[in-house]
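Colleague: Below, each chain spelled out in residue letters.
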Amino acid sequence: GAVVSQHPSWVICKSGTSVKIECRSLDFQATTMFWYRQFPKQSLMLMATSNEGSKATYEQGVEKDKFLINHASLTLSTLTVTSAHPEDSSFYICSARLVQPGAAGTQYFGPGTRLLVL
Amino acid sequence: GDSVTQMEGPVTLSEEAFLTINCTYTATGYPSLFWYVQYPGEGLQLLLKATKADDKGSNKGFEATYRKETTSFHLEKGSVQVSDSAVYFCALSDRGGADGLTFGKGTHLIIQP
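Just so you know, the protein sequences line up as chains A and B, in that order.
Numbering of the first sequence is given in the working numbering, commencing with residue 65 and proceeding in unit increments.
Numbering of the second sequence is given in the working numbering, commencing with residue -3 and proceeding in unit increments.
Read the hints as simulated data drawn from the structure, not as lab findings.
Since we're looking at a predicted model, the values are computed, not measured.
The calculated lysine-lysine pairs, modelled on BS3-like cross-linking and capped at a C-alpha distance of 30 angstroms, are:
#  : chain 1 : residue 1 : chain 2 : residue 2
1  : A       : K105      : B       : K52
2  : B       : K101      : A       : K130
3  : B       : K56       : B       : K101
4  : A       : K105      : B       : K64
5  : B       : K101      : A       : K84
6  : B       : K64       : B       : K52
7  : A       : K130      : A       : K105
8  : B       : K101      : A       : K128
9  : A       : K105      : B       : K101
10 : B       : K73       : A       : K105
11 : B       : K56       : A       : K105
12 : B       : K48       : B       : K64
13 : A       : K84       : A       : K128
To spell it out: a stretch of chain A is covered by chain B in this simulated footprint if at least three of its residues, at any positions, have a beta carbon under 8 angstroms from a beta carbon of chain B; those stretches are:
#  : stretch
14 : 100 to 111
15 : 172 to 182
Don't be surprised by glycine CBs; every beta carbon is placed ideally from N, CA and C.
With the sequences and hints as input, model every part of the structure.
Modeller: Here you go:
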């Protein structure tokens, strides 16, 4: 159980175009999902917290107009990289929080999406 | 802000060797601590966690003890196997996982037969 999928697994796009990445919790509902970014040989950096039915909360230094997040249902969050540029090339990873009685919840991670902007 | 520091890799060991991967943290609150593992081509998986001081998390032969006095959460395993080869991430969360996680840089572990 507690499987999270991401689509696509990799994408190549031209500079200036927009790219949408989907994150789905397959067998549980997640009111909260998170988006991370990972550079080569670096750690995962939290970009934003996605809350179902409300606006996302962005970390300091992350442009909310650049990285649009929508959490329209309890099983789906999307990250859209708008007007992508080569410096946006990275590995984007989402997680979904499974809330359990009496506990704050455990995050389950998707396999990641590799974005290459030419 | 919060931060996690873990030993740089790659760490190369022979099968059945003893493993220690060091992890220390700084946090403004009283965080929960986690170890995640990433096998080649797969997403991060929770390996173990501890939510308060002196708690020991354990799973698949791995253990880590929450040491508040030394702000550490070192990962150990008594006898590693080739299948343990992966990247290991130490992480913390200020609200037990309710908030986004702060990760260390990851340690690439290579186990040779």
